[in-house]
Structures are given as C-alpha cells and as structure tokens.
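Counting along the sequence shown from 1, when you hit position 34 you're at 34 in the working numbering, and nothing is skipped either side.
There may be inaccurate statements among the hints.
Claimed, not checked - Label pairs and their computed distance ranges (CB to CB): (1) Ser309 x Glu71: 15 to 23 Å; (2) Ala32 x His168: 39 to 47 Å; (3) Ala117 x Glu276: 48 to 56 Å; (4) Arg108 x Glu276: 51 to 59 Å.
As the list claims (entries may be wrong) - Taking lysine to aspartate or glutamate pairs in the EDC-like style, the calculated list, with each CA pair at most 20 Å apart, reads: (5) Lys277 x Asp245; (6) Lys277 x Glu251; (7) Lys277 x Asp200.
What the hints contain is simulated information worked out from the structure, not anything from laboratory work.
Everything numeric in this text was worked out from a predicted model, so none of it was measured.
All C-beta atoms in this analysis are idealised placements derived from N, C-alpha and C, irrespective of residue type, glycine included.
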Amino acid sequence: MHDMPHASGELLLSRDAHFLDSESDSLRRAAASGRLTRLRRGVYTDSASWSAASPRDRYVRRIHAVVATREVPCVVARQSAAALWSFPRINRWPEDVHLIPVPPGGLRSRNGVRHHAEAMPDTDVAELLGLRVTSRLRTLVDLARFDSIAEAVAALDHSLNPRTAHPHPVVTQDALLEQLVGIQSSRGAARAARAIHFADGGAGSPGESYSRLLIRQLGFAPPQLQVEHPNPRGGSYFTDFEWPDARIIGEFDGRSKYLKPEYLGTRTPGEVVVEEKLREDDLRAEGSQIRRWTWEHLRTPARLERLLSEAGVPRLSRRAAQAAVSSPNSSRVAPPRETVTSHRGRHADRSVSPAPVRLAE
Numbered sequence: 001m002h003d004m005p006h007a008s009g010e011l012l013l014s015r016d017a018h019f020l021d022s023e024s025d026s027l028r029r030a031a032a033s034g035r036l037t038r039l040r041r042g043v044y045t046d047s048a049s050w051s052a053a054s055p056r057d058r059y060v061r062r063i064h065a066v067v068a069t070r071e072v073p074c075v076v077a078r079q080s081a082a083a084l085w086s087f088p089r090i091n092r093w094p095e096d097v098h099l100i101p102v103p104p105g106g107l108r109s110r111n112g113v114r115h116h117a118e119a120m121p122d123t124d125v126a127e128l129l130g131l132r133v134t135s136r137l138r139t140l141v142d143l144a145r146f147d148s149i150a151e152a153v154a155a156l157d158h159s160l161n162p163r164t165a166h167p168h169p170v171v172t173q174d175a176l177l178e179q180l181v182g183i184q185s186s187r188g189a190a191r192a193a194r195a196i197h198f199a200d201g202g203a204g205s206p207g208e209s210y211s212r213l214l215i216r217q218l219g220f221a222p223p224q225l226q227v228e229h230p231n232p233r234g235g236s237y238f239t240d241f242e243w244p245d246a247r248i249i250g251e252f253d254g255r256s257k258y259l260k261p262e263y264l265g266t267r268t269p270g271e272v273v274v275e276e277k278l279r280e281d282d283l284r285a286e287g288s289q290i291r292r293w294t295w296e297h298l299r300t301p302a303r304l305e306r307l308l309s310e311a312g313v314p315r316l317s318r319r320a321a322q323a324a325v326s327s328p329n330s331s332r333v334a335p336p337r338e339t340v341t342s343h344r345g346r347h348a349d350r351s352v353s354p355a356p357v358r359l360a361e
C-alpha cells in the first residue's frame with residue numbers, strides 16, 4: 001500500500017487521489033478488524049492511538065475529520081474552536097463539530113456538523129493545528145455568548161490567569177469587551193458581558209471557577225482569591241478562597257495536584273500530601289479555619305452550602321443576594337455531567353451534575 005495521507009498526523013482518508021480502490025477496500029477491512037476506527041465516511045484513524053487519546057484529543061481528531069471532508073471553506077468555531085485552543089471544559093466535549101461556512105449561510109446542520117451563519121472578518125480568524133479557527137478572543141467571546149456560563153467562566157478564568165494561559169498571552173477583560181462590541185450581531189451580548197465581568201484570573205482550575213459561581217448563587221459574600229500568606233520555611237502560600245474578616249479559608253480539592261505531572265513536578269503524590277499538611281498547619285497557626293470541598297460538594301450544592309454556613313462564611317444582605325442570584329431571564333449554568341478536562345493532560349477531576357447556577361441580569 002502507498003504511504004497513507006493524513007490530516008493532523010492522525011487521519012487516513014480513502015478519497016485521496018492516489019488511493020486505489022483496492023486500498024480503500026483495505027481501509028474498510030482494517031476498520032472491520034478493529035485496527036482502524038472510522039470517524040466519518042471515508043475517514044479513519046488508528047484504533048490503538050484512538051483508545052489511548054483523551055476526550056479532548058478525540059474531539060480534535062473528529063474536528064479534523066469533519067473539516068477534511070468539507071467541500072465548502074469553513075472556520076472552526078465555538079466549542080470546537082475551544083478544543084483546538086485547549087481551553088478547559090467542565091462538561092464532556094460535544095459530539096457535534098461547530099463550523100462557520102465562508103461565506104456564511106446556505107448549509108444545513110446534520111450528521112454531527114453544526115453550521116452557524118455568522119459574519120467572520122479575517123481579523124477574527126487564526127490558523128491553528130492546520131485549520132482555520134476563530135481567534136482566541138473571538139472564541140472566548142463566542143463561548144460567553146452561546147455556551148453555559150459555567151463553561152464560559154472556566155475558559156475566561158483560564159485565559160486571564162498567567163499560569164494557566166501559558167504558553168499563550170494573557171487576555172484582558174478590556175480586550176474581551178472590545179471584541180464583544182466589535183461583533184456585528186447582538187445575539188448573546190448581554191449574557192457574554194455578564195460572564196466577562198464575572199471572570200477572574202485568580203481562579204486556577206475549572207473547579208475553582210465553578211465554586212465561585214455556586215458561592216454566588218448560594219448567597220455568600222464573594223471571597224478573595226489567591227491571598228498571599230508567608231511560609232515560615234521561606235516563600236509564600238496562596239489560598240484558593242478567603243474571607244479575611246471572618247478568618248476563613250476555602251480550598252477546592254481536585255485530584256490534579258496529586259496525580260498530574262505538571263502539578264507534581266519532581267514530587268511524589270505522598271510528598272504533595274505532606275506539603276499540604278504542613279501548609280494547612282501554618283495557615284491555621286495564623287488563626288484561620290480551613291474548609292475544603294471537592295466535586296462531590298459541587299454536584300450537590302446543599303453540601304457546599306452546609307459546609308460554608310457551618311464555618312461561618314458571611315452572607316450577602318437579602319437585597320444583594322437577590323441581585324446576585326437567579327432571575328427568570330438570567331444566564332443559566334448547565335450542570336457538568338461527567339468529566340472535567342483541563343488545558344493539559346488526558347483526564348482531570350471527575351464531576352457529576354452539579355446544580356444549575358445563574359448570573360443575574
């Protein structure tokens with residue numbers, strides 16, 4: 001068989017010009033035997049690498065498969081663009097691939113492809129992984145316009161934080177708002193503005209972003225993020241959430257810090273546990289109490305509310321709480337269903353169906 005052509009180094013396309021009919025038949029036989037996995041009609045990938053791929057990497061491969069079979073030029077957009085830019089996601093990656101045809105309009109959404117008729121100026125388009133994709137700013141703003149507030153805020157927080165945004169430049173809220181104003185369509189503009197104003201680069205993970213949303217919904221006073229404390233052995237500690245006047249520290253415990261190489265560095269999980277214990281002892285010695293929560297608390301907000309209430313976290317006034325919590329026309333946060341995926345690595349913290357959150361008008 002001739003050397004097989006591919007897209008993004010992972011795909012085999014039977015329709016390529018130099019493929020013989022017998023070779024196309026060979027691809028189908030390989031798929032039938034399990035050596036190849038069929039992604040779309042005439043598009044295959046190696047089954048072993050597919051099985052080992054993360055949910056995001058599988059979705060990216062499906063995006064490449066769809067674009068490789070398009071007859072009309074398209075720009076990858078919305079959640080599909082978010083996957084290409086490696087933004088974090090709380091819910092599973094979608095099944096559908098989102099595209100904006102160029103020029104817009106004229107194509108129906110079907111067979112796992114969602115076409116969106118929207119003007120896309122060249123300044124809002126970038127090339128990434130061999131594909132034309134909405135720029136980082138445009139992708140973030142479109143997530144804020146059309147995705148759940150939870151997904152939008154997780155991606156926005158990630159991009160505002162210098163540590164998590166790396167290797168890309170940090171975005172700013174001013175740049176995001178300017179991008180929003182420059183979009184011709186007003187669809188989703190109000191909800192996008194709310195998400196952008198709520199975003200905070202102090203959040204270091206999707207779990208922290210979702211925690212902030214729930215804390216707001218539950219009517220607690222907003223915490224300060226990444227408050228610095230001296231480490232008696234040198235350096236500083238930074239807390240996830242803190243209510244300094246109440247001397248309460250909140251910490252979201254995902255699995256990443258104990259399992260993922262980029263968090264562990266040269267340390268073992270056991271060494272990280274010991275360091276966390278020393279850190280907690282030092283913070284308590286300052287007179288603060290510490291409350292920890294996990295994705296289990298986020299999927300059952302009553303547990304988080306009870307934990308924070310018992311700790312004495314201050315509540316907003318009734319008027320402030322009513323303004324901050326849900327209203328009939330506010331933007332709803334879709335509950336996460338299974339896997340939280342971070343900007344790196346195969347798998348991150350698992351979660352199942354936290355309750356809806358809304359940001360007020």
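Outcome of the hint check:
Checked against the given bound of 15 to 23 Å, the beta carbons of Ser309 and Glu71, roughly 58 Å apart, lie outside it. The supplied range of 39 to 47 Å is met by Ala32 and His168, whose beta-carbon atoms lie about 42 Å from each other. At about 50 Å, the CB distance of Ala117 to Glu276 agrees with the hint of 48 to 56 Å. In this structure the hint that Arg108 and Glu276 lie 51 to 59 Å apart at CB holds, the actual value being about 53 Å.
For the hint pairing Lys277 with Asp245, the CA-to-CA distance comes to about 24 Å; that exceeds 20 Å, so the pair is violated. The hinted pair formed by Lys277 and Glu251 meets the criterion: a straight-line CA distance of about 13 Å does not exceed 20 Å. As the CA atoms of Lys277 and Asp200 are separated by approximately 27 Å, the hinted pair breaks the 20 Å bound.
When held up to the earlier numbered hints, the structure conflicts with 1, 5 and 7 and fits the remainder.
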